[in-house]
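Can you build the whole structure from these sequences, using the hints too?
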Amino acid sequence: MMSAGASAERRGVERGAWLGAAGEFDAGACFHCRVLAERTLLEEGDDSRRFEAATGRDLRNYAPTRGADLLHMRLDFDIPDMNTPRLTAKQTLSFSPVGKPLTTLELDAEQLDISKVRLADDTRSTLSFTHDGSRLAISFDPPLEPGAKSTVEIEYALARPTDGLFWTPESPQWPGRPAQIHTQGQPETNRYWFPVHDSPNERLTTEIVATVPEGFLVSANGREASKPVTRDGRTTFHWLQDKPHVPYLVSMIVGKFDVQDVAPAGFRFPMPVYVPPGKGDQIRQTYGRTADMVRAFEARFDEPFPWDRYAQLVVWNFGAGGMENTSATTMYDTAILDAKALQDADLEGLISHELAHQWFGDLITCNTWAHIWLNEGWATYSTNLWLEARDGYDRGYRNAMHRTMRGIASSDTLDPGATNIHPPMVSRVYSHPWEVFRRTANPYPKGASILHMLRMKLGDELFFKGVAAYIDRHKFTTVETDDFRRAMEEASGRSLEQFFDQWCHRPGTPKVAVKARWDSQAKALRVTVDQQQLIDADHPAFVFDLPFEVHTNSPATPEPVRFVIPVDSKRHEHTVALEAEPTMLLVDPDLHVLMTPSVEIPAGWLRNQLTTQRSIASRLDAALFVKGKAGAATERALASVLMDPTEFHSVRSAAARALGDLSADDALADALERGIDDARPRDAAITALGRVGGPRAPELLARLADDESESYACRSAAFEGLGKRGSASHLPIFARGLASSSQHEQVRTGALNGLRDLRLPEGLDMVIPLTQFGNLNRVRPVAIRALADLSEFDKRKAFDAIAPLLYDSEDRARDAAIEALVKVKDDRGLDALDRLASTTTHEPTRELAKKARADLAAALRRPDAVRALEAEVDKVKNDLKRLETRLKKDE
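In terms of my numbering, the sequence shown opens at residue 154 and continues consecutively.
Hints listed in this document are in silico derivations from the structure and should not be mistaken for laboratory results.
Note that the Cβ used here is the ideal one computed from N, Cα and C, for glycine as well.
Accuracy of the hints is not assured; some may be wrong.
What the hints assert, rightly or not - Restraint-style ranges between C-beta atoms, simulated for each label pair:
id	residue 1	residue 2	range
1	Ser563	Pro885	33 to 41 Å
2	Phe716	Gln766	19 to 27 Å
3	Asp285	Asp860	54 to 62 Å
4	Tyr546	Asp568	32 to 40 Å
5	Lys676	Asp698	24 to 32 Å
6	Lys676	Gln766	24 to 32 Å
7	Phe629	Asp947	27 to 35 Å
8	Glu614	Gly300	38 to 46 Å
Structure follows, in C-alpha cells:
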C-alpha cells in the first residue's frame, strides 16, 4: 500500500509528506487509525524487553493460531439500491481442520448481522454458532477431523459499515457523481464485510458474485468467471480468484466508470483502467506505461506476472494513495492526470509501487505485520528499478535511491543521549497493525535502502539470483525476514546475519562526519571518519565499508583514486598519498551505506562536486553540503546549476533548496524572474523564496500565485510562500486561489495553507466553506486545520463550523475535526468529544476522541493567567508579522 501523500499528489494532499523513490509515502496519513491506547514503553533497543510499564504486560505480537486451513470462499452479494448503504450476503466457506479435530471454527466478523450458519456438505456433525459482534464462533458436534474438507454457509446483512467497505451515495453537494462502493482490507478491516481469519498468515482462493442495479459495474479479484447477466433492471457479475491470496487483499468495487485496457495488442493478459466518467481520455497519458513496467519487473524478478489480469481502479473517497489488492489495485480519487499536472510530476512512482506488490505482497506476503518491509520495502525499491529501466541507472535508479536513503536516514536516527528509543523496522511491538506502516524506522524507504545496500554488497548477478530463488521458493506462501535472508545467503555463499541484524532488527542509522585536509608537505590526503549517533552497550557502532573517490588535476593520476575505509568503531583515520592536491573528494558516490553524512572539506572541492558527472548522488550531496559554505562563489555555482537546462531536474531542485538554506533571496528572485524552464526546479525555487523572504519576495510570489498559466504545484508553492511573506493587500489573490480548480486541488490547498500562515481575521470566513462536505476529501482536512489555527479571531464561530464535522461521513474530515477542537480551546468541545467517544462504534475514532478530550481538558485547565499570556504572545507575534510585512512593502 502507498498512503495518501503518495506520488504526484504532493501539495494536493497535505504538504510535508515524506518523499521516497519516485512516489512518496505520507507515514502519518494511513487511513484513519491515528491514535490507539497510549502506552509507556521501556524503550530499549532490543524489542524482546518491551513491555507496558504499568502492568508489565508483554507488548509483542505473534501470528494468531488458525485452527483450520481456509481453502475457498465464495461471497454472494445482493445490493438492491446503491444509494442505500445496506446489502445482504451469503458466504460459502470451505476449510480443513489442521493438526487435531476441530471443535470450534473462530472467524473475525466485525459488526455483521449474522442470521444463519449451516453445514453445506454431508457430514455427521451438527453445528451451533455464537457471535458477540466481533467474533463468530461455529461449534461442531462431533468435532471435524483434521485434513477433511468441510463447508459452511453463513448468511448475513451489512448496514452502514464503519470500516472495510466504504459506501459513497449520490449527493446534491456532488452533482453528477454516481454512487459507489469500494473496499479496503489492509491491515485487518475486511472483517467488516465478510467473516474470515483476518490476518496475513492465511491464504485461500476466492470468488465474488454481486447483483447490482443495471448500469453499474463490479470489479473484484481475478477474472470474470462468466459474462455479466442482466434481468429485471439488475446485473449480476461473477469474479473468480483461483490462485490463493491473503484475506486482506480481497476487494470489491461497484460503480460507474470509463474503462480502457492499456495492454498493448496481443499482450497475454488484460490491463483495464477504471476512472470516473468523463476522464477516459486521460487514462493513457497517466497509465500508458503499465505494460512496460510489467516487462521490466518480469525481467528483474525472473518471474512472470502471476495473475489473470491487472486492473487499476480510481475510486471516490479512498483513504490511501493506492492499495495492491490481488490483480485489482485501488487508486485514490484524483489519480488521473491532466496535461498541466504532468508538468509537475507523473504517477509512475505510485503505479509501479502498486504493480510491484503483485509479486511482493500478493504472490509472497509477510506472515505477520512485523515483517511488512518484505511487502512495502520491496515495492518502494521496485519503483526505483522501474526508474532505472526508464531513465537509466544514474538519473533514474541512483537519483531515486539517494532521495530514499537520505530521507529515511535523517528521520531514523538516534542522537547521543537519546532515551526514548523507537522500535526497529522489524519489531513485534505495536499496539495496532497500522503502527508498523508508520514507524520512525519506516519500512518503505528503509526496506528499499536495505535492498539497495544488499545489491551493492553482493553485486547484480548474485543479488538478482537470490531474489529469483526467494520468489521461486516462497511464491503463494507467507514469509518472514529470515526466509529472505536465507535465500540470499544460499545464492551468494555469504553470511548475512550481521547485515540483517544491524539494518533490520535495530533502530537508527549512522550519522557519519567526514573531515579531510590536504597535507601539502607530505603530499597526502588525511581523512577522518566519525560516527556521531548514539553509541552505547545496546547500540554499538555500525559496521560498514565506506568508499571514497579522489579526483586531482595531476597528469600522473588521470583516473580517480578509490579507497575504502572499513568502519567498525567511533573513529577511523586514513591517509592517502597523492601526487597533487585533490579537486574533489566524493564520499560514497554509489550509495553503499544508509547514513546521514556531513563533510568538512574545502568549499572549492564542493563546488567542483556540484557539476561532476561521476554520480548524480555526489551532485545532490554537494548541494546538501554547501549550505555551510556561504559566499558569492557558492551562490553563483548553485545559481548556475539551477538555471542549467541540461542538468537533471532533481539536482536543479536541490540547488534551489541550497540557495534557500544560504538565504540567497536575490539569487532565487533573479532565477525566477529570468524564468526556470522546468516546473519541478521552479517549484523548488518558489518554495525556497517563500521560506527565506526578502524585499522582492511578496510581489514576485503574488504574481506567480495569481498566474493561471503557471503549473499547479508552482502556484501552490507561491500561495504558501505568500502566506509567510504577504499582507492583507493580497487577500483578493487568495480568494481567487480558493476558487481555482486544479489537479489534486493543489492550488486550493496552497491557498488554504497560505491563509493559515497569513494570520488575518478575514481568513476565517474564507476557509470555512472548504471544510464542508462537497469538497475533495483531501482538501477538507487542510481547511479544518487552517480554521483551527485561525480560531483565535473568533473561537465560537470556528467551533460552530467544526463541531458538526465530528460525525462526518468522510474519515479525513472527521479525524481532522477531532484534532482541531483541541486547538480551538472552546470548552464546549469537552462534551462534544465525550458524546462522540461514547456513541461511535469505530474504535480508532473512539480512541482519537478520547485522547483529544484529554488534551483539550489539559489545555483548558491551564491557569487563566497562563492562557492569557499565551494569547498575548500570539497577538504580539501577529502584530509583528503585519508590521514586518508593511515595512518590507515600503522598502
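Here is how each hint holds up against the structure:
no., hint, verdict
1, Ser563 x Pro885: 33 to 41 Å, "holds (39 Å)"
2, Phe716 x Gln766: 19 to 27 Å, "holds (21 Å)"
3, Asp285 x Asp860: 54 to 62 Å, "holds (60 Å)"
4, Tyr546 x Asp568: 32 to 40 Å, "holds (34 Å)"
5, Lys676 x Asp698: 24 to 32 Å, "holds (26 Å)"
6, Lys676 x Gln766: 24 to 32 Å, "holds (27 Å)"
7, Phe629 x Asp947: 27 to 35 Å, "violated (59 Å)"
8, Glu614 x Gly300: 38 to 46 Å, "holds (43 Å)"
The structure shown violates just one earlier hint, number 7.
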